[in-house]
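S.K.: Sequence:
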Amino acid sequence: MVFLQQNRSFLHTFLGIKEDPIIGASQSEPVNISKAELVKRIKRRLSSVDVQKAKEVGGIFAFHVIKGTSVYSWTLDLNAVTVYEGEPEDEPDTVFTLTEHYFKQLVQGKEDPRSIMQAGRCSVTGDIMRAMKLEPYIRLD
1 MVFLQQNRSF LHTFLGIKED PIIGASQSEP VNISKAELVK RIKRRLSSVD
51 VQKAKEVGGI FAFHVIKGTS VYSWTLDLNA VTVYEGEPED EPDTVFTLTE
101 HYFKQLVQGK EDPRSIMQAG RCSVTGDIMR AMKLEPYIRL D
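All the letters of the sequence shown, read from the start, carry residue numbers 1 to 141 under the UniProt record's numbering.
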């Protein structure tokens with residue numbers, strides 16, 4: 001993991017993440033909230049959604065967000081309708097890997113998950129169809 005954190009370009013190539021030629025990762029805007037605050041805000045978001053609908057979507061989603069040379073992770077578990085920092089406790093159904101810039105675009109609703117994935121700005125492994133249903137649960141208003 002340390003090797004990957006220290007070699008961001010290798011990580012991007014390995015995961016198939018394409019850099020935006022105009023913006024580029026080095027010029028990406030930082031997410032202006034801490035990791036703990038992110039989890040807190042997503043929890044708040046989850047408290048306002050229909051729990052039954054969230055459980056119908058279900059699944060465990062791991063997010064790996066690249067910021068400079070480091071990677072931070074958080075998990076959204078719609079089976080239990082919870083979110084926490086770090087890797088999932090159980091095997092994730094879907095894993096997202098994206099730069100902080102595109103993560104910010106995603107959670108602020110400036111870009112939808114489908115366009116980010118189709119443009120190659122996000123590496124997604126696992127259940128992609130279920131991933132398309134996540135926007136109501138991760139969007140921060």
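Incorrect hints may have been included.
Claimed, not checked - Taking lysine-lysine and the DSBU-like style, the derived pairs with C-alpha atoms no more than 30 Å apart in a straight line are:
#, residue 1, residue 2
1, Lys55, Lys104
2, Lys67, Lys110
3, Lys53, Lys133
4, Lys40, Lys67
5, Lys55, Lys43
6, Lys67, Lys133
7, Lys53, Lys110
8, Lys55, Lys133
9, Lys110, Lys133
10, Lys67, Lys104
11, Lys104, Lys40
12, Lys43, Lys110
13, Lys53, Lys104
14, Lys35, Lys53
15, Lys40, Lys133
16, Lys104, Lys133
17, Lys110, Lys40
18, Lys53, Lys40
19, Lys35, Lys110
20, Lys43, Lys133
21, Lys55, Lys40
22, Lys104, Lys35
23, Lys43, Lys67
24, Lys43, Lys53
25, Lys35, Lys67
26, Lys43, Lys104
27, Lys55, Lys35
28, Lys110, Lys55
These aren't lab readings, by the way, just hints derived from the structure by calculation.
S.K.: Decide, hint by hint, whether the structure agrees.
M.R.: We went through each hint and held it up to the structure:
1. Lys55 - Lys104: 25 Å, holds
2. Lys67 - Lys110: Answer holds: Lys67 to Lys110 is near 19 Å, not above 30 Å.
3. Lys53 - Lys133: 11 Å, holds
4. Lys40 - Lys67: 20 Å, holds
5. Lys55 - Lys43: 15 Å, holds
6. Lys67 - Lys133: 25 Å, holds
7. Lys53 - Lys110: Since the Cα atoms of Lys53 and Lys110 sit roughly 24 Å apart, the hinted pair holds (cutoff 30 Å).
8. Lys55 - Lys133: Given that 30 Å is the threshold and the Cα spacing comes to 12 Å, the pair holds.
9. Lys110 - Lys133: 16 Å, holds
10. Lys67 - Lys104: 11 Å, holds
11. Lys104 - Lys40: At roughly 16 Å apart (the allowed maximum being 30 Å), Lys40 and Lys104 satisfy the hint.
12. Lys43 - Lys110: 21 Å, holds
13. Lys53 - Lys104: Holds, at roughly 25 Å.
14. Lys35 - Lys53: 26 Å, holds
15. Lys40 - Lys133: Holds, at about 21 Å.
16. Lys104 - Lys133: Holds. Lys104 to Lys133 sits at ~18 Å (cutoff 30 Å).
17. Lys110 - Lys40: 21 Å, holds
18. Lys53 - Lys40: Within the cut-off at roughly 21 Å; holds.
19. Lys35 - Lys110: 20 Å, holds
20. Lys43 - Lys133: 17 Å, holds
21. Lys55 - Lys40: At roughly 20 Å apart (the allowed maximum being 30 Å), Lys40 and Lys55 satisfy the hint.
22. Lys104 - Lys35: The hint holds at about 13 Å.
23. Lys43 - Lys67: 22 Å, holds
24. Lys43 - Lys53: 16 Å, holds
25. Lys35 - Lys67: Given that 30 Å is the threshold and the Cα spacing comes to 12 Å, the pair holds.
26. Lys43 - Lys104: Holds, because 17 Å separates the two Cα atoms, which is no more than 30 Å.
27. Lys55 - Lys35: Status holds; Cα separation ~24 Å.
28. Lys110 - Lys55: 26 Å, holds
When each numbered hint is compared with the structure, no violation occurs for any of them.
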